Amino acid sequence: MAASGKDAGADQGMDPSAGKTGPGRGIKPRLKTVRTGVQLICLGLFLWLFRITDYTGSDTIPWAVNIWFRLDPLVGAVVTLATGTIIPLLWPCLVVIGVTLVLGRVFCGWVCPLGTLIDLFGRFVHPVNKKPVQLRFLKYAILIVLLVSAFFSVQLLGFFDPLSLLVRGMTFSIDPMFNFLVTGGFDWVYLNGPAWLSDLTEPVYDVFKSFLLPYKQSFFFLSVFSFFLLAAIFVLELAGRRFWCRNLCPLGAMLGVVSKISPFRRIPARACKDCDMCRTDCPMDAVNENRQIMTEECNLCMDCLAYCPKGITSFQFKGSLQKHLPDIGRRQVLAAGLLGIALPVVIRTDALSRLPAPDVIRPPGALAEKDFLATCVRCGECMKVCINNALQPLFLEQGLAPVFTPVLVPRLGYCEFNCTLCTQVCPTRALEPLDLAKKHTFVLGTAWFDKNRCIPYAEQRPCIVCEEHCPVHDKAIKFHTISVVDDQNRTMALKQPYVRQDLCIGCGICENVCPVVGTAAVRVAAKSSMPDTFGSGTSYP
Amino acid sequence: MNRRKFLKQVTLWSAGMLMVPPVFDISPAALGAKTDDAPDIFAAKGKDIQAMVQTLVDAMGGMARFVNKGDTVVVKPNIGWDRNVDQGANTHPMVVTALAGLALEAGAAKVLVFDRTCNEERRCYQNSGIKPALDAMDDRRVACEYIDDRKFVPVQIKNGRSLKEWSFYKDALTADCYINVPVAKHHSSSGLTLGLKNAMGVIGGRRGRLHMDLSARIADLNLVIQPDFTLVDATRIMLRNGPSGGRPSDVKIMDTLIAGTDPVAVDAYATTLFGLEPADVQSTVEGFHRGLGQMDLSKCRITVFDT
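If you're matching them up, the sequences are chains A and B in order.
Heads up, the first sequence is in the numbering used here, so the first residue is 9 and it goes up one at a time.
Heads up, the second sequence is in the numbering used here, so the first residue is 1211 and it goes up one at a time.
Since the hints were derived computationally from the structure, they do not count as laboratory data.
As the structure is a prediction and not an experimental result, all values here were calculated from the model.
Idealized CB from N, CA, C, for every residue including glycine.
Selected chain B positions facing chain A (in silico; Cβ < 8 Å):
hint: 1; residue: D1292
hint: 2; residue: C1328
hint: 3; residue: N1329
hint: 4; residue: R1332
hint: 5; residue: R1333
hint: 6; residue: Q1336
hint: 7; residue: R1360
hint: 8; residue: S1398
hint: 9; residue: S1399
hint: 10; residue: G1418
hint: 11; residue: H1421
hint: 12; residue: L1424
hint: 13; residue: P1453
hint: 14; residue: G1456
hint: 15; residue: R1457
Next up, chain A with everything else stripped away, as it sits in the complex (with noise of 0.2 Å):
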């Protein structure tokens, strides 16, 4: 398989001619179709590891699903700058920028699932112009953004680390689109069509839920929001052939800086006088106007092998240091530090981190918020796992800096009181692992009633759904017995719920099963809103 349809047309009119001229043009070409196959293993197994990413009977998620972002350098570089510690946890990057120091930018072409997405759209769409727009600098200028910014401890990885954006796109809004498809159209047949049909379509259902289809349909709130960024993604290919990869992925600049030293080059070093093909048919445009090949912009993807006229093309190591520096500017590299710098500054004097944030219920285990917002890479892994769907994105409610942390949303879902997941797959221990005793009384906020909505209260009447359900074993809603007459002068006991801040852990159940209409007569209000804590937490960072 090749890395794109228009190569493919190419790969194939090439190879009979080729095969007379060139030597080992058998074996060569064939190193396209081996890339092809190691970047679907790897996509494949992407998919896999973001499927189990669920509660599947045991307490305990038995896999890494988390390695992606593990295996991350660019998280690793700017979890470590933002909270000037180094996280054991992401020793993974260190291969990866091990194996680029020797091989250069192999992750890129062969193994990222982005890239890899992106290579099997562009077998479908293709550029406007033969020519891409080329913006190489912009990938460098992000990542020096990127960097300088974590270093003022202020850390935007989520904007743009290409597994984060993949991940969290995937889990608010491709995941649930898919299932919502497939789930709503059996179950149209389901409800609307005759007996024989259903007894079809279910099995084949039973089948898509075994294997394919998430648990549950979950629901998101920025899905429409992540659905966009992730398609502007691909949509850009209408620019240029792996866009992203070539002119934004600050991952791919970082890579490429590194494998500027990697003597795995691609021989020969200059393209050729007579010949304009390595121009041309790059797909990382990695030829420069002096004919040289960029090793910072190659992603070794081979197909330079496969349609080189001459088969002269040939991957080795031999490379020496290449004098050229990465296509950026000296005042280009100026204004992105710059800009990391200003922006630091800029987010601390929003006057929201003046404000207490009762809404801003952070998951079990996570680190006070300053801490917090520094090492959460915004991947999307808690919010994917969480067994109720209750954990959700911010959007820029709290501001710029944390879009995409996870809060839990009491009323849409609740945290579980014995489930730890959340904790388990967090990459950068923005959530602390939490045993489960740990988890018992780990405080996520506290609930508070409005009486007036309260139908104890507010209408006489008997309720305390929230006592019942309350997980805590001392439990934190208690209740008054009191006394009314109603309308009828009849005399009857009425249970007056009432909260023990001291108990109470915030899971926000009381909240989520609230038989009262609308907004819930009980209310989970974040721990760094609680009065105990105001004062000493609020203010960001």
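With chain A fixed as given, assemble chain B onto it according to the hints.
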């Protein structure tokens, strides 16, 4: 009569002949038809749950009285909470497997076990021990299924006093035999949750809305859901902080199972295990007034087996 009528309507519906969801009609004549003035209550005490279930079912006339060859049998435990067996918030898994086994022996073609849970359903099914125990039976006729939202159908409860309409789970309505297997425990709204209250697990909608007049509505639900027999799991009972509980100190070992075809009488007897009178549980009183059964224990024939 009731069940046959359900069956007919549901068959028509699922045959695709009706495009609108059916309205189940509970005819007043059928109500109280099963009521016996002096119902039997059987209790078994002991440690061997399998033997106790066998004893009780035999005492009621054997499973063949309730299950015909080829029947679909629903065994409806309480799987409401993500709690383990010792916490006593759910029906003991061995009670469920014993009943499923007896139903299969009697020739059931399908044994369905389900409950609409309060906590996340997968966690409840797993940690209650009920799904692992049923899976271990390794019998394709036994299905421990999660609730399928598509199967809730609106039902008009004509004789309902507090509740006139609610949605019910189709499989519970169409079963040839419905065995109610609640766990006996404290419940802060209704006093205790026993057999009648267990019907809450086969209804749809926002169940919290029922709490404003809970006991009357539980009785109304039981006008629709009429089990062939009820078997109350009181091997251990939750004395406080119900229905979810959690503390081992709230749980008392009773080593008792109670069974009978009269759901009110069984609940009335189970109430005494908590040191309460049948009249202390309002849903029992409401059930009695609806003609669902006998709550006066002095009028019941009570047989206690020591196994």
